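Make a model of the complete structure from these sequences and hints.
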Amino acid sequence: MKVSDYIKTLTPEEREKHKDLIKECLEREKKLEKLNIEDKIRELSAVENNWYETIKKLKNALTELQGELKEMYTNALKAKQQSQILKEKISDVQLRLMKKEDFYKA
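Using my numbering, read the sequence shown as starting at 1 and increasing by one per residue.
Warning: the hint list may mix true and false statements.
Subject to a maximum C-alpha distance of 25 Å in a straight line, what follows is the list of computed DSS-like cross-link-like pairs (lysine-lysine) [said to hold, decoys possible]: (1) K17 / K31; (2) K23 / K56; (3) K8 / K30; (4) K70 / K80; (5) K80 / K59; (6) K31 / K8; (7) K30 / K78; (8) K89 / K78; (9) K57 / K70; (10) K2 / K40; (11) K34 / K8; (12) K17 / K2; (13) K40 / K30; (14) K8 / K23; (15) K70 / K56; (16) K40 / K19; (17) K23 / K34; (18) K30 / K19.
Taking CB as the label site, the calculated pair distances span [what the hints assert, rightly or not]: (19) W51 / R15: 47 to 53 Å; (20) E53 / Q81: 40 to 46 Å; (21) R96 / N75: 39 to 45 Å; (22) L62 / I85: 30 to 36 Å; (23) Q66 / A46: 26 to 32 Å; (24) H18 / E48: 42 to 48 Å.
Hints were generated in silico from the structure; no laboratory data involved.
No experiment lies behind these values; they were computed from the predicted model shown.
No residue lacks a Cβ here, since even glycine has one placed at the ideal position from N, Cα and C.
Here's what the structure looks like:
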């Protein structure tokens, strides 16, 4: 319960009798609210920093993955080229091993 809510329950005489105490309590309540707001700001700042670090780590991981994928793609292209060269060499060897009469039939 807030101090202001409690004050509403007091009679005018009680309010007058305890006005100094009421004033002090209201000031303390305001200070506490201010501290609570500052705590929330610190908490939000910590969460923001945590998100920033997480995003930074994710960015680094994605950059590393991108590099690995580029390397894999380059290796796949090289393998394809080498495969094509080997097919051509095998075809040449097969033609050389073919009998002349089979060559002319083809």
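Do the hints match the structure? See the list:
1. For the suggested pair K17 and K31, the alpha carbons sit about 24 Å apart, so the restraint of at most 25 Å is met.
2. Straight-line distance between C-alpha atoms of K23 and K56 comes to about 49 Å, which puts the hinted pair past the 25 Å bound.
3. The suggested pairing of K8 with K30 holds, with an alpha-carbon distance near 17 Å, which does not exceed 25 Å.
4. Note on K70 and K80: the hinted pairing holds, with a Cα-Cα distance of about 15 Å set against a maximum of 25 Å.
5. In summary, the hint linking K80 to K59 is not supported, as the alpha carbons are separated by about 31 Å, beyond the 25 Å threshold.
6. Straight-line distance between C-alpha atoms of K31 and K8 comes to about 21 Å, which keeps the hinted pair within the 25 Å bound.
7. Distance check on the hinted pair: K30 and K78 sit about 72 Å apart at the alpha-carbon level, beyond 25 Å; violated.
8. This hinted pair checks out: K89 and K78 have alpha carbons roughly 17 Å apart, not beyond 25 Å.
9. Under the criterion of a C-alpha separation no larger than 25 Å, the hint pairing K57 with K70 is consistent with the structure, at around 20 Å.
10. Taken as a hint, the K2 and K40 pair is honoured in the structure, with Cα atoms around 19 Å apart against an allowance of 25 Å.
11. Proximity of K34 to K8 is assessed by CA-CA distance (about 23 Å); at most 25 Å being required, the pair is judged to hold.
12. At most 25 Å may separate the alpha-carbon atoms for a hinted pair to count; K17 and K2 meet this at roughly 19 Å.
13. The hinted pair formed by K40 and K30 meets the criterion: a straight-line CA distance of about 15 Å does not exceed 25 Å.
14. For a cut-off of 25 Å, the pair hint linking K8 to K23 stands: about 14 Å separates their Cα positions.
15. A distance of roughly 21 Å separates the Cα atoms of K70 and K56; the hinted pair therefore holds under the 25 Å criterion.
16. Simply put, K40 and K19 have alpha-carbon atoms about 31 Å apart, too far for the 25 Å limit, and the pair is violated.
17. Only pairs whose Cα atoms come within 25 Å are accepted, and K23 paired with K34 is accepted, the gap being roughly 17 Å.
18. The straight-line distance between the Cα atoms of K30 and K19 is roughly 16 Å, inside the 25 Å bound, and the hint therefore holds.
19. For the pair W51 and R15, the beta carbons lie near 48 Å from each other, so the given range of 47 to 53 Å is met.
20. In this structure the hint that E53 and Q81 lie 40 to 46 Å apart at CB holds, the actual value being about 43 Å.
21. Checked against the given bound of 39 to 45 Å, the beta carbons of R96 and N75, roughly 31 Å apart, lie outside it.
22. Distance hint check: the CB atoms of L62 and I85 are about 35 Å apart, consistent with the given range 30 to 36 Å.
23. Our hint of 26 to 32 Å for Q66 and A46 holds, since their Cβ atoms are close to 30 Å apart.
24. One distance hint, 42 to 48 Å for the beta-carbon pair H18 and E48, holds here, with the actual separation near 43 Å.
Checked against the numbered hints above, the structure breaks hints 2, 5, 7, 16, 21 and satisfies the rest.
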